[in-house]
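A.B. asks: Chain by chain, the residues run as shown.
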Amino acid sequence: MEAIRVENLTKRYPETLAVDDLSFSLARGRILGLLGGNGAGKTTTISMLLGLLVPTSGRITVLGHDMATHRFAALARMNFSSPYISLPARLTVRENLEVYGHLYNVPKLKARIGQLAEQFKLTALLNRAAGELSAGQKTRVALAKSFLNQPELLLLDEPTASLDPDTGDYVRTALEDYRRETNAAILLASHNMAEVERLCDEVVMMKQGRMADRGTPAELIARYGREDMEDVFLHIARSEAL
Amino acid sequence: MRYARRVWGLVYRHLCMYRRSWPRLAEIAYWPTLELLIWGFTANFFSHDIHAGSPILAGAALIGGVLLWEIVLRAQIGVTLSFMEEIWSRNLGHLFVSPLRPAEMLLALLAVSAVRTLIGLLPATIIAFLLYHYDLFAPGPVMVLFFLNLLVMGWWVALGIVSLLFRYGAGAEALAWTIAFGITPVACVFYPLASLPYWLQPVAQALPAAHIFEGLRALLLSGHTEWGQLAIATGLNSAWMLAAIAVFGAEFRLARIRGALISIGE
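One line per chain: the protein sequences are A and B, in this order. Numbered according to this note's numbering, the first sequence spans residues 1080 to 1321. Numbered according to this note's numbering, the second sequence spans residues 937 to 1202.
Treat each hint with caution, since some may be false.
Cβ pair distances, simulated, as ranges [to be verified]:
#	chain 1	residue 1	chain 2	residue 2	range
1	B	G1107	A	R1277	25 to 31 Å
2	A	G1108	B	H950	53 to 59 Å
3	B	L1031	A	S1318	36 to 42 Å
4	A	E1094	B	R955	36 to 42 Å
5	B	E1040	A	T1148	52 to 58 Å
6	B	R942	A	E1094	35 to 41 Å
7	B	W975	A	L1096	53 to 59 Å
8	A	R1207	B	A1039	30 to 36 Å
Source of the hints: derived by calculation from the structure; they are not laboratory data. Note that beta-carbon positions come from the ideal geometry of N, C-alpha and C, so glycine has one too.
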């Protein structure tokens, strides 16, 4: 069964065509990388997948729910993390996780928070205010929040952007383990091409709101005759044609 | 000259902000005008319309007005401040992608507002009793109806402001502090409806507050509960609340179309 199905998705603002006739799908248990330069349409696409933004046309189905009519049923089964969205700074890490535990109706919340705190090395930080944490610690808290409801679909916007290499590797391993243990699907937007090569089963390359190409990292590297995904990204981003 | 240039640099920074934000610009002239209107009408009432023997009761109505009008202000600020806390902490993105429905968010904001209003008014009510021997609850249980009507009025004003925040983003933050105060001159808190110019009276009559405070003054001056005024206030509150919910729903839908939920904190 598909976790995400996007059909002919378009988002048009008065002066911009942000996403243009985009179609792709993501199966359960798979990790899809959504790549593209700044302004390629990644954030707009993720916002539409999350129901934050209404498409101009096209259809999004998440975990079998049509996002135009049943988005709350889908939202309860998915989660999202981005270093660009914060959690209330004056609340402690524990209080923040409790708030979202209530919003996602998480059973046995205290035990779940303890489990996630251990998983993301947050136990010593649970009683500290979120605003006092370093950027890396905040990212780990946001990731713990996104795991709270054991989502069947995780949308991650640059999940390791502000983490040191060691913690970044730890988080990537956690994502791999989570996918293997729960068969969850993960959609990952990242500018870290080594991360994309390691984690993603498939990649959708976006440029100027359209899909420029798609395939496994190995397929894309072979198709463009490049050394790695970093070179593939640069080639697509800098080429005139889509 | 370099000093002047640096000073100008900072002045220019503020000018740039004001020329792109009409709420901030309007706020500059807003407070002096408002103060003048409120105290002008109040002075007019006290100098022309107070009958011999009633200044003490008019004073009591004034203290009652101050305390009860605070219910509207606290209720409104309780909702809008809680919403703005989420904007300031850049947390709205997380909230709106959770299963939290807009109606549930509204209920939570109203609940926080009710608690804040009760906590906020308790010390003032006690001080009014200790310092001025003014017992807000002396008229009896009917005061609960006055409280509830004022609370609901604060809520629908707040919903209107939150709707404007959806439309104009955090740049419209000044509205949260100014709109409810702006209603004060036509709410007839400190003076009767008759003290307003004729052309302004229909505006006042469209607001529940004018009927609530007319009723309150009647209760304090004659001991007689004007149920008609309370019924009109309740009807108006219901209509305004329904309209505010409809506007909130429409603005939320529009915000999802325009992408404002992504950028509302910017």
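A.B. asks: For every hint, state whether the structure bears it out.
C.D. replies: Verification of the hints:
{"no.": "1", "hint": "G1107/B with R1277/A: 25 to 31 Å", "in the structure": "42 Å, violated"}
{"no.": "2", "hint": "G1108/A with H950/B: 53 to 59 Å", "in the structure": "54 Å, holds"}
{"no.": "3", "hint": "L1031/B with S1318/A: 36 to 42 Å", "in the structure": "40 Å, holds"}
{"no.": "4", "hint": "E1094/A with R955/B: 36 to 42 Å", "in the structure": "22 Å, violated"}
{"no.": "5", "hint": "E1040/B with T1148/A: 52 to 58 Å", "in the structure": "18 Å, violated"}
{"no.": "6", "hint": "R942/B with E1094/A: 35 to 41 Å", "in the structure": "36 Å, holds"}
{"no.": "7", "hint": "W975/B with L1096/A: 53 to 59 Å", "in the structure": "55 Å, holds"}
{"no.": "8", "hint": "R1207/A with A1039/B: 30 to 36 Å", "in the structure": "34 Å, holds"}
Going through the hint list in order, the structure does not satisfy hints 1, 4 and 5.
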